[in-house]
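*Asks:* Generate the whole structure from the sequences, applying the supplied hints.
Sequence lines, in order, name chains A and B.
For the first sequence, our numbering begins at -9 and goes up steadily by one.
For the second sequence, our numbering begins at 70 and goes up steadily by one.
No lab work stands behind these hints, which were simulated from the structure alone.
Among the hints, erroneous ones may be present.
[To be verified] Result set (EDC-like, lysine to aspartate or glutamate): computed pairs, CA atoms no more than 20 Å apart in a straight line:
#	chain 1	residue 1	chain 2	residue 2
1	B	K258	B	D204
2	B	K149	A	E167
3	B	K149	B	D135
4	B	K287	B	E302
5	B	K216	A	D49
6	B	K145	B	D76
7	B	K216	B	D182
8	B	K287	B	E303
9	A	K264	B	D204
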Amino acid sequence: MDEGRARRRGVPPRLWLAGGWLLLALLAAIFAPLVAPQDPLAQDLMLERLPPFWMAGADPGYWLGTDSLGRDLLSRLIFGGRIAFIVAFAAAIAACLVGSALGLIAGYFGGWADRIISRIVDVWMAFPPVLFAILLVAVLGTGLSSVILAIAIIDWTRFCRVIRAETMGQSRMDYVENARIAGYGRIGIMLREVLPNVVPSIVALLSLEMGIAVIVEAILSFVNLSISTDDPTWGGIIAEGRLSIHQAWWVLVFPLVTLILTVLSFSQFGEALKTRFDPVLR
Amino acid sequence: MSAICLDIRDLSAVLPNGQRVLRSVSLAVQPGEVRALVGESGAGKTMIGKAVLGVLPSSVRIVEGDMLLEGEDLGKLQPKARRTLIGARTALIPQDPLTALNPSRRIGPQMTDRLVRILGWSGEKADTRIRQLLDEVQIRDPDRVLKSYPHELSGGMRQRVLIAAAFAAEPRLIVADEPTTALDVTVQKQILRLIVQLQREHGTAILFVTHDLGVVAKISQRVSVLYAGKVVEEADTAALFAAPQHPYTRALMAATPRYTDPFASLKPVDEAVLAGLASEIAAADQAWRRSHG
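*Replies:* And the structure:
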C-alpha cells in the first residue's frame, strides 16, 4: 500500500509534458480571439513570407512568420486549434459511444450478436480509412458536422474491436460466473460488473482516438474537404505550406510540429489515464 | 418440502460432438451434510457443480436427468425463476479467489450488493450481516477489508472474504470447488477449518469438490468417487476409507502419497484398473446410445 502511494505521488514526466501541451493548446484555442496576436484572416501582401522571430528580417509582431499571403502563422495555428479540438472531442466521443457499446454487447453476449457485429466490423475495416473519409465527406458535404460524423462513422470499429476482446476476457472471469449464480440479470452483470473493468481501456482509446481524429481532420482539410476554406485549419495550413516549401519552410514545418505534438500528447495522455483508472495498476 | 437438499437423478450431459461428459450421475446431498465429490482432473467434478448452479458452459448440454433443489425441479422452472431460486438457496466457494472477486470494485459493496439486490435487504442490515460474517471468518479489521480492492488483499484473505460472502445469504447448499487448491499450504488448513466450522454453525449442506483424498477424509460425511463423468463408488466416508469397494477407488488410494515414507516415488493409478474402467464406460455408452437412438 505504501509503495503504491509512493508510486502515485511521482507523476511521470511524459504525463506532465503531454498534459501540459494539451492544456496549453486547448486554452489557446478556447481563448483564440484574446490570445492570437493578429487577425488570422488578415492578408497583407507587404508582409508576405516573413521568417520566424530568430531569423533576419523577422517582424516582432509575427513570431512564427507569415505565409505567402502575409497572414500571421501563429494566429492561424491558434485558430486552427479550435477546429482541431472540436473535431477531436466530438468525433472521438461519438465513435467511442457507438463502438464501445457494440463491442461490449458482442463480447459479453457472444453468439449471434457477436457474429453480426464482428462481420460488420470486418467489412468496415476492409475500406481504406482515408478513402472512406473522403468519400463520406463528399457524400455528406463539407462542414464541421459532416467531418465529425465521417470520423465517427469510420473509427467506431477501433473501439468495437478492442472493447469486444477485453469484454470477452473479463466475461470468462469467475466473478462474472459468481454474479450469475447470485442471480443478477445479464444486462446488469454487463453494466455493473464487466463495464467498470473495461473503462480503463475505453479511456485510453478515447484519448488515442482524439489524436487520430486530429490527423483525419488534417488530412481532410489538406485535400480541401473539411470546413469552409476561410477558417484556418492545421491541414489547410500544411497544404498551403507545401506549395511554398522552398521559399518559406516554416509555413509547412510549424503546423506539422503542432500536429505531431498534439497527436503524440493525446496518446501519451491516454496511456497515463489508463493506469489512473485501473485499480490494479494504480 | 422434501428432506433432501440436493437430489441429482441420472444426469447426463453431452458436448456438441455427442460425447458424454456426465454419465447418468446420481447424487443426493442431505441437509447439513458435507458431501465430497472426488476424482482426477477432467472427471467432471466441477461440471456437476456448475450444472447445479446453472452455469454450465454453453457448449455443454444436459440431455437427461433431473436436479431437485429442496424438492424443486430445476429443469421444470422458467429460467428467471430458476435463477432466483439458485441465487437465494445456493452459493459458490470458488477455486481461484483471485478472479472470483471483481477487481475494479471495493470488497464492501461487492459483498452487500447481493444481499440488497437479490434478497431485498436494507443496506444497513446487509452491512451488519457482512460484518458479522467477516468476524466469523476471523477477519479482525473489517473496516480496512471492506474498503479494499481485491488486489490489496492476500490470497488467504480473499478466500475468507469469499467464504463469508457465500454464507452471508444463508444458502441451503454451498458448492465448494477445490476452495484450497490455489492457496499456500499453510493457509489451506486454516481455510478448510473455517469452512467446516461455518458449515456446522450454519447447518449448510456442502458439495465439496476436490481431488485430495486427505481432505475428503477430514471433512466429509459421504463421498462420491467420480471417473470420466461417472460415479464409480458412493459410500459413507468412514466406510470408504475402511473398505473401498471399487478397484478404481482402491487404486486412487494407493496412489496417494504417504507421510510415513515421504521419499517413496509417486505411484500412478494402476493401468489395468483404468483399462477395466474404460471398457466398462464404453459398454455403458453403447447401451446408452442404443436406448437413446
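*Asks:* Compare the structure with each hint and give your call.
*Replies:* We went through each hint and held it up to the structure:
Restraint check: the Cα-Cα separation between B:K258 and B:D204 comes to about 18 Å, which is no more than 20 Å; the hinted pair holds. At roughly 16 Å between alpha-carbon atoms, B:K149 and A:E167 fall within 20 Å of each other, so this suggested pair holds. Restraint check for B:K149 and B:D135: the C-alpha separation of about 18 Å stays at or below 20 Å, so the hint holds. A distance of roughly 18 Å separates the Cα atoms of B:K287 and B:E302; the hinted pair therefore holds under the 20 Å criterion.
Taking the CA atoms of B:K216 and A:D49, the gap is about 61 Å. The hint is violated against a cut of 20 Å. At most 20 Å may separate the alpha-carbon atoms for a hinted pair to count; B:K145 and B:D76 meet this at roughly 14 Å. Under the criterion of a C-alpha separation no larger than 20 Å, the hint pairing B:K216 with B:D182 is consistent with the structure, at around 14 Å. Distance hint between B:K287 and B:E303 is fulfilled; the C-alpha atoms sit about 17 Å from each other, no more than 20 Å.
Proximity of A:K264 to B:D204 is assessed by CA-CA distance (about 36 Å); at most 20 Å being required, the pair is judged violated.
The structure does not agree with the numbered hints 5, 9 stated previously, though it agrees with the rest.
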